[in-house]
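K.L.:
Okay, here's what each chain looks like letter by letter:
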Amino acid sequence: MSDPIGGVPYYILEFGDELVYFTPYTITLFLLALTFTVLVIISRPERQMDIAFGGDAYGTKEISLTELQFRRFMAIACGLASMGAMVTGDIFNFTLFTAMVGITNVGIVAAVKSHHVQDAAFQYGLVALCATVPLFGGAAVYAASTGSLSMIELMKGTLPAVPLIAKALLVIGVVGEGMAPFYAAKAEMFRAPGAPYVIMCSLSSLLIFLRVVEVVMLG
Amino acid sequence: MTMWGQYSYGLLVVMVAAIIAFFALAREYDDFHKFLLLDLIEIPSLGVIALLGTDLAEALVLPGLTVGIAEQLALSQIYCVKQGIKERPVSRLNIEVVAIGDAPLIISIFLVVYGILLSGFTGGGVAGLGLVYFFASRGYKENLNMLEMASGISWALWIFAFFCFMFLPDYWFIALMCAAVGIVLKVTVKMSLVGTMWGENRE
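These protein sequence lines map, in sequence, to chains A and B.
Taking the numbering used here, the leading residue of the first sequence gets 23, the next gets one more, and so forth.
Taking the numbering used here, the leading residue of the second sequence gets -7, the next gets one more, and so forth.
Warning: the hint list may mix true and false statements.
What the hints assert, rightly or not - Using 30 Å as the maximum straight-line C-alpha spacing, the simulated DSSO-like pairs for lysine-lysine come out as follows:
1. Lys182/B with Lys83/A
2. Lys83/A with Lys74/B
3. Lys182/B with Lys78/B
4. Lys182/B with Lys74/B
5. Lys74/B with Lys178/A
6. Lys74/B with Lys135/A
To be verified - Covered stretches of chain B, going by a simulated chain A footprint (3 or more residues, C-beta under 8 Å):
7. 15 to 26
8. 165 to 177
Unchecked claim - Computed footprint of chain A on chain B; a stretch qualifies when at least three of its residues, placed anywhere within it, have a C-beta under 8 Å from a C-beta of chain A:
9. 100 to 113
10. 141 to 148
Worth flagging that the hints you see were computed from the coordinates, not collected in a lab.
Every residue gets a Cβ at the ideal spot worked out from N, C-alpha and C, and that includes glycine.
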């Protein structure tokens, strides 16, 4: 292994066609995702405050319990998908986890009873669906040009070089799923109340983007 | 060399298809029509994977398809909530010939038998399609808990078979049989539940 990007892997688990490995880089990201998932599980959600300008009036928004339960479930699912994307050693699994983070990001805010938020979630969902074309396309071109989807194999440097178009498609796909730093399109979604769950949206986006940087530098 | 040529041409065709679909999407302003066009956009993404032309491609198309369907189901649900669509008067295919005649039953039986013969994922898909068609044309309304349970048990069977492959490779034949039966049941049941349980209030 000549100069792996994320450091020398500590541990490689090959179970059938599932491949998981931990390098200093990915284990840091994994622990961050794990910490935030645990925080989402144990924390109590906050209520959004409405303050009227020019007066003393203020009030909190009422959120029903079932809505919060659904959003917590989606936030936990989002955390699990992020963790999977951090440690997976398979390009296609990475794209699947990314797509799943995209869906759960929509799901976290979809239960909110606000027309603006639902509209933004729907529009963002349309973009995320479009992004599956370059995402899966990129992974397929990876497999077609190198004959392998394993990041460990790509790391060794013995395979043919990955064409730039495959890397570009992968990055465009990840960006289209609403990842940092291009998630400005999701800004309207963040109007949804309930602090720890909405933060999971942006955190997972950030983590996925940090991982895709490593992935495209491998081959 | 010829293989690479074929692959390149195939890739070109799929990319042109994707660009046409994206162009249509960019010109469309109605949310519902955009959503329908996205169905078309999904297909080129599966086409790119299928172009690999190996058994790996088959293994990759299935999760790709599943993720695409999951995203579409989620989005359609958001669309219904967003537009305030609650009542769904359409409970079955509103085609007179289909609803009264015996044709749906015959076609469904044919598809189910053919699906069981095919076995595996593909067979499950075909048999499930037969059941979906039957339920859709007859307006089936009953408690589907049994089907859900069958789905769960067959999934467990499938997973058991996988563990058998991993840890007890000597017993590969029984594992193969378990996996084949499990997956055909699982996919059949799962597909038949899609569209019949959809949108029900399950309290």
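K.L.:
It remains to establish, for every hint, whether it holds in the given structure.
P.N.:
Verification of the hints:
With a CA separation close to 39 Å, the supplied pair Lys182/B and Lys83/A exceeds the 30 Å bound. Distance check on the hinted pair: Lys83/A and Lys74/B sit about 20 Å apart at the alpha-carbon level, within 30 Å; holds. For the suggested pair Lys182/B and Lys78/B, the alpha carbons sit about 24 Å apart, so the restraint of at most 30 Å is met. As the CA atoms of Lys182/B and Lys74/B are separated by approximately 27 Å, the hinted pair is consistent with the 30 Å bound.
The hinted pair formed by Lys74/B and Lys178/A fails the criterion: a straight-line CA distance of about 49 Å is larger than 30 Å. Between Lys74/B and Lys135/A the CA atoms are separated by roughly 9 Å; this keeps the pair inside 30 Å, and the hint holds. With 3 residues having a Cβ less than 8 Å from any Cβ of chain A, the stretch 15 to 26 of chain B passes the three-residue criterion, so the hint holds. Here's how the stretch 165 to 177 of chain B fares: 0 of its residues keep a CB closer than 8 Å to some CB of chain A, so the rule of at least three is not met and the hint is violated.
Here's how the stretch 100 to 113 of chain B fares: 0 of its residues keep a CB closer than 8 Å to some CB of chain A, so the rule of at least three is not met and the hint is violated. Only residues whose C-beta sits within less than 8 Å of a C-beta in chain A count toward coverage, and the stretch 141 to 148 of chain B has 0 of them, not enough to reach three; the restraint is violated.
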